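Numbered continuously in our numbering, the sequence shown closes out at residue 51.
Please keep in mind that the hints were generated in silico from the structure rather than gathered at the bench.
Since the structure is predicted, the reported quantities are computational estimates derived from the model, not experimental observations.
No residue lacks a Cβ here, since even glycine has one placed at the ideal position from N, Cα and C.
Careful: at least some of the hints might be erroneous.
[Unchecked claim] Here are the simulated DSS-like pairs of lysine-lysine, each with C-alpha atoms no more than 25 Å apart in a straight line:
1) K5 x K31
2) K31 x K50
3) K17 x K50
4) K49 x K5
5) K30 x K5
6) K30 x K49
7) K50 x K30
8) K49 x K31
9) K49 x K17
10) K5 x K50
[Unchecked claim] Simulated restraints, written as ranges between beta carbons of each label pair:
11) S8 x P41: 33 to 39 Å
12) P51 x R20: 18 to 24 Å
13) T6 x V37: 24 to 30 Å
14) K49 x R20: 15 to 21 Å
15) P10 x A46: 16 to 22 Å
16) Y4 x R42: 16 to 22 Å
17) N16 x T43: 30 to 36 Å
18) R42 x M2: 30 to 36 Å
19) N7 x H40: 37 to 43 Å
20) P41 x K5: 35 to 41 Å
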Amino acid sequence: MIYKTNSPPIQLELNKNSRNWEGLVRMDKKGFLMIVDEHPRTILAFVKKP
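Can you make the complete structure from the sequences, with help from the hints?
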């Protein structure tokens, strides 16, 4: 389910090794989990909420 909030957007910066992130999910009020499935490995990243 998607809810509209009054929170400002979170801007992510790309570095020179940027990836095509395929999934994003909010983890409580702590931040977000992001995933990319890039052969031969899967990368799971946590982005802390500012």
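Against the structure, the hints:
no., hint, verdict
1, K5 x K31, "holds, 18 Å"
2, K31 x K50, "holds, 6 Å"
3, K17 x K50, "holds, 23 Å"
4, K49 x K5, "holds, 20 Å"
5, K30 x K5, "holds, 15 Å"
6, K30 x K49, "holds, 9 Å"
7, K50 x K30, "holds, 7 Å"
8, K49 x K31, "holds, 6 Å"
9, K49 x K17, "holds, 21 Å"
10, K5 x K50, "holds, 17 Å"
11, S8 x P41: 33 to 39 Å, "holds, 37 Å"
12, P51 x R20: 18 to 24 Å, "holds, 21 Å"
13, T6 x V37: 24 to 30 Å, "holds, 26 Å"
14, K49 x R20: 15 to 21 Å, "holds, 18 Å"
15, P10 x A46: 16 to 22 Å, "holds, 18 Å"
16, Y4 x R42: 16 to 22 Å, "violated, 33 Å"
17, N16 x T43: 30 to 36 Å, "violated, 19 Å"
18, R42 x M2: 30 to 36 Å, "holds, 31 Å"
19, N7 x H40: 37 to 43 Å, "holds, 40 Å"
20, P41 x K5: 35 to 41 Å, "holds, 39 Å"
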